[in-house]
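Residue numbers (the working numbering), protein chains in the order written: chain B, -5 to 269; chain R, 408 to 772.
Hints listed in this document are in silico derivations from the structure and should not be mistaken for laboratory results. Please read all numbers here as calculations on a predicted model, not as lab measurements. From the three backbone atoms N, C-alpha and C, an ideal C-beta is built for every residue, glycine too.
Label pairs and their computed distance ranges (CB to CB): (1) R:Gln549 / B:Phe19: 42 to 52 Å; (2) R:Asp618 / B:Pro153: 41 to 51 Å; (3) R:Arg523 / B:Pro23: 56 to 66 Å; (4) B:Lys255 / R:Gln549: 22 to 32 Å; (5) R:Phe531 / B:Phe204: 53 to 63 Å; (6) B:Pro153 / R:Lys583: 29 to 39 Å.
Cβ-to-Cβ under 7 Å is the rule here; a few derived chain B residues that face chain R: (7) Glu164; (8) Leu169; (9) Ala171; (10) Pro183.
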Amino acid sequence: MQRIGDAPGTRRLLIGAALVLTAVFLLLPLVAIFAQALAKGVGVFWGNVSDAYTLHAILLTLGVALLTIPVCLVFGVSLAWLVTRFAFPGRRLLQTMIDIPFAVSPVVAGLIYLLLYGRNGWIGGWLDAHDIQLMFAWPGIFMVTVFVTCPFVARELIPLMQAQGSREEEAAVTLGAGGFTTFRRVTLPNIRWALLYGVILTNARAVGEFGAVSVVSGAIRGQTNTLPLHVQQLYQDYNTVGAFSSAALLALIALFTLAAKAGLEWRAARREAIT
Amino acid sequence: MSIRLENIGKHFGDTRALEPVNLDIHEGELVGLLGPSGSGKTTLLRIIAGLENPDRTGTRTPARILFGQRDVTHVHVRDRRIGFVFQHYALFRHMSVFDNVAFGLTVMPKRSRPSRSEIRARVFRLLEMVKLEHLAERYPAQLSGGQQQRVSLARALAVEPDVLLLDEPFGALDAKVRQDLRRWLRHLHEELNFTSVFVTHDQEEALELSDRVVVMSDGRIEQIDTPETLYRAPQNRFVFEFLGDVNHLEGQVHDGVLTCGDARLAVDLPDGAEDLLLRPHEVCLAEQAEADCHLPVTVTAVSPVGAEVRVELEADWLASPWLATVRHADFERLELHRGRRLFAHPRQWHRFADEKADFLKPHAA
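Kindly generate the complete structure, drawing on both the sequences and the hints.
Given below as structure tokens:
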């Protein structure tokens, strides 16, 4: 007896196609990045990476990601809690609206922020009069990054919290636990893996965001240049090796993030196996 | 601790889940809330617990919930001193059995919280009581349904609640475990003598376990009585039909004879349409009709498993088949098999005219 769709020919064909596609579209470019970055030797690579502008871009990028994550975390948990634990008119609408940042092109998002908070914008004019500059400065980069990444945590949590229901929390309350104790000792342990996963996705996107940031940052070298913008600038200056050195850094961060994600999944799977 | 409910109603949006009801539960009583799904029994239980709030408006007299002399209407769940056992146990899945049971003690405010060693002793005392002390380090997912249910009970009892509330406590368990746990809960109740209220849709469970049963349907309380009174003297048709299998005999009475197709039965009733109800054990089977009773039926199914033989009967004059239970001796004497033609004789029947109970012997029997 052979199961449907399990003919040896089909299997070989599918596995082969998957391997070829992965190699051509994912692996090869990754290898190419490092090959290009190291094309003129490790010394040149190191020189490119330790360049003052590159260092500043790294710091700015990581700094923005570091600020973005807690904001998205609080936003995501509150939103997921609201949507899964309470019934109120407009709940579905709210759930749809969470996806706006996914649906809107980041460039458009950047332009809207520029329109609103730029010097000639509706709110920006008032801010300018009070000597507050958001656009073409790091706060602007932070704002659009939050916009682009805010759905990740909520998106991870909502299905999980919906599936788990609120029975355990109710049980905790009937046993006399207060709101914060219930969250800390019952809700949080149940969602912690999804939460971490959401944070990893948020971080990956925050570090790599190009479109929205490129509109609002102004890309001033040594001031508002993030790592992805820096890569593009170097490339446009015909500094291919320099561009690829920075790109290699971004790729390294991505790989590190992936490793963290895989590690988490492995741990979660092991926990499942135990219980 | 006694429980008194006054004017407790509940709407979810525009849907009425519970009509304003009143209910008194005595100290130390074990009361079952029985009804089909959607009858409002779980809502009522959750309102007693404080997990739902009764309607504030729409009634002339305000809703009140009293535990003993204490008015808890506006007291938060966590301060009501209740134990709640959830339908699917709702154990904390990331905590061991020990931590689950200890939870209520560890979240107490610092000044009233028992010491670590005392918590440990108390948890083990409870685990011993539910016979699970050897599983203290396990996680809920590693336990069977019955074991999880016992953990959830121990967890609820750990905080020494004034009242214990159980939502379909045995609903998700198989028949054998259910039977054991029922007996065990009954013993526990007698031993510790707390006031408890449980919800069930299983008539047998309600009748077997409760001191008194509250029968509910469609957000209303239909009858509150001891299991025996409830079964012997149901106050209305709903209660009668819900508490067991029912056979209907519908027809027109004329000159003291009820007719339905070619079936006839002498009854002592005024002329008009009638719907008589019979329990399966109130149906006798015989090979001959009698002068005042002519109810021809055909046997369509026989199930000889158990203390009695269950027989399904059909006839042209019957809208839905009848169910009769006969003794094994009669089963052999009458040579019951599918297709056998016999005559039914009601031993007694019930009628609920004007929503008032009335059960009578047949005219001549």
